[in-house]
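**Q** Start from chain A and add chain B according to the hints.
2 protein chains.
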Amino acid sequence: MRATYLFGAGDVRVVDVPDASIEESTDAVVRVVRACICGSDLHPFHGAEASVDGIPIGHESIGVVEAVGADAHTIAVGDFVVVPFGWSDGTCQFCREGLHTSCEHGGWIGVGGNGGAQAEALRVPQADGTLVVVPGVDESSELLPSLLTLADVFGTGWHAAAQARVQEGDTVAVIGDGAVGLLAVLSAKLLGVERIILMGRHRARTDLGVEFGATDVVAERDAEGIAKVLELVGPAGGVHKVLEAVGHKPGYDQAVGILRPGGVISRVGVPQYEEAGVGFMSLFGKNATLTGGPAPVRAYADRLLPLVLDGTVDPGRVFDRTIGLDDVPAGYRAMDDREALKVLISF
Amino acid sequence: MRATYLFGAGDVRVVDVPDASIEESTDAVVRVVRACICGSDLHPFHGAEASVDGIPIGHESIGVVEAVGADAHTIAVGDFVVVPFGWSDGTCQFCREGLHTSCEHGGWIGVGGNGGAQAEALRVPQADGTLVVVPGVDESSELLPSLLTLADVFGTGWHAAAQARVQEGDTVAVIGDGAVGLLAVLSAKLLGVERIILMGRHRARTDLGVEFGATDVVAERDAEGIAKVLELVGPAGGVHKVLEAVGHKPGYDQAVGILRPGGVISRVGVPQYEEAGVGFMSLFGKNATLTGGPAPVRAYADRLLPLVLDGTVDPGRVFDRTIGLDDVPAGYRAMDDREALKVLISF
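Going down the list, the protein sequences come from chains A and B. Be aware that the first sequence starts at -1, since it is given in this note's numbering, and climbs by one per residue. Be aware that the second sequence starts at -1, since it is given in this note's numbering, and climbs by one per residue.
Next up, chain A with everything else stripped away, as it sits in the complex (with noise of 0.2 Å):
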């Protein structure tokens, strides 16, 4: 089969595979209908070392079940259904508590020589916990690329939101524009924040964020940015809540300039640091509290899967171009040239 593999920095290829198979018993082999390439994509894409064997890479599609093995009970062969970005068997303790990405037995597609979600098919382990099947969806739907976003883009919008408890009352700053950004706007939006503070420079992508919900819109960055949003919010001292999309240290410190005593940071942008500003002067003195991670999106598909279902949202506005899988390399390019939002692979 043909699928995607990562080369080294800059070196992203299309190349023949063996087919997906079965592996392990509770394995489900699903054939992509639709895949896309993420902004977390681009850091390995930016700092891969070389290598000769390249690694499979992609974590988010949805497709057509075309195996399951013999311990997968709740999965059958022509299900149509949406990969979330981790794998999770649904039964341990975390899984339980709804922490899907803590899963005892889990993992991540497309991440660490596991099979990646740019090509013709995957293998996915723990079908039964992780796949979210799509009843009445085939591959004629025009709401592919809506379910597309649940398989992670649109569930780590979802967390942003959900971890930092926003509700009516709040103001919300969301920090980046990328398509997590944007979700976590419509996110709030949901959860019935009024106003929200879209922190991003590329206006076409804004633009969509004041449709997804987005009352204001600041461009400036860093101490700029962080006196524009204070001016913003007037006597408030800050905003209540800051969810942060990007995973860059100064998107974390324009976090906590903007934040208000008492306040909540949660990230979901992968952070591309490992030490930051935790003391009195950065979190401790304002009582902020820091929290987020991976997203557990499969715990967040079953509210989130009817909305799509219904047009009550259509987070598939994220996706601004559409390639085969062999234009696959360019779609890198153009995302890291910031020419595109989100690409969508059609197969």
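Honestly, I wouldn't trust all of these hints.
Which copy? The list can't say, so a pair holds if one copy fits it or any two copies do.
Heads up, simulated SDA-like pairs for lysine to any residue below, C-alpha to C-alpha not over 25 Å straight-line [stated by the list, open to error]:
hint: 1; residue 1: 247; residue 2: 270
hint: 2; residue 1: 226; residue 2: 91
hint: 3; residue 1: 226; residue 2: 301
hint: 4; residue 1: 247; residue 2: 273
hint: 5; residue 1: 247; residue 2: 44
hint: 6; residue 1: 247; residue 2: 268
hint: 7; residue 1: 226; residue 2: 90
hint: 8; residue 1: 247; residue 2: 279
Treat the hints as calculated values from the structure; they're not laboratory data.
**A** Only chain B this time, still in chain A's reference frame:
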């Protein structure tokens, strides 16, 4: 009057200074009946720059109101009061939300040149919002030590537990066997927690911690301490909540190491570091939440004072030595040498 001043590292003296007096119309002057030495006083005791004039020190006291300014209306001369370690107006947006330590007109007793509490009297700004009147108590009460803990350490231990949202069913670890750590144990117990692991290695203190509700004591530190706690909790994979009551970096790293995925680290020990691990390998990867800060002990007085008055709890047991004002320098040394857990000053 006589007051305790710090003149440099290790150089604490009781000196004659002008009497405390009303400076703002919202002030009160409190004649101190009991004060004490705090673990956090040891930080400037270790690190203060040499100074000819010295700076007042001490932030925990109870006493009798001697004078009130023209705009203090709810406090009267003769009232017996607890003086929280921070002052606050009680009316700003943050006070109304219970975050008195971020009061828009607030400040800290005994910090930055403000009159200290290890003195015969002190000026208390924002008297109406700050002082907690204790009806029916006078200088002869046996409850004085426990009432004094409401000025800081009991409210601070409570804050650790409250911010972590500890609840029945949680396994909670408390890092630090100082007064705040022990009262964090007591607070967790009051909030219904059954399994409380106290990390500390001073036997007399941890014994008191066991009386307050600790079910396990771990004397080991760092990697050994982490391994011991993980062994104790077994398949749970860590503790649900960590209450960090020390403020040194190794305590932070220990908290991260013993935390269960999805858990909460609540800090009330004033951090003696600014940067710490918050990335994928520390907080983010396991969706940990970091919270805490200076405790709004004024907010908790309404809930905790009745428990002291009716004898439900006896937090004053953390005091294991009583001295007079002139012996305060020796009291600092006793705490610094860990000969005393917490030193009470009787006037």
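**Q** Each hint needs a verdict: does it hold in this structure or not?
**A** Results of checking the hints against the structure:
| no. | hint | verdict |
| --- | --- | --- |
| 1 | 247 x 270 | both (7 Å within a copy, 22 Å between copies) |
| 2 | 226 x 91 | between (44 Å within a copy, 21 Å between copies) |
| 3 | 226 x 301 | neither (35 Å within a copy, 39 Å between copies) |
| 4 | 247 x 273 | both (9 Å within a copy, 12 Å between copies) |
| 5 | 247 x 44 | within (17 Å within a copy, 33 Å between copies) |
| 6 | 247 x 268 | both (11 Å within a copy, 24 Å between copies) |
| 7 | 226 x 90 | between (45 Å within a copy, 23 Å between copies) |
| 8 | 247 x 279 | both (16 Å within a copy, 15 Å between copies) |
The structure does not agree with numbered hint 3 stated previously, though it agrees with all others.
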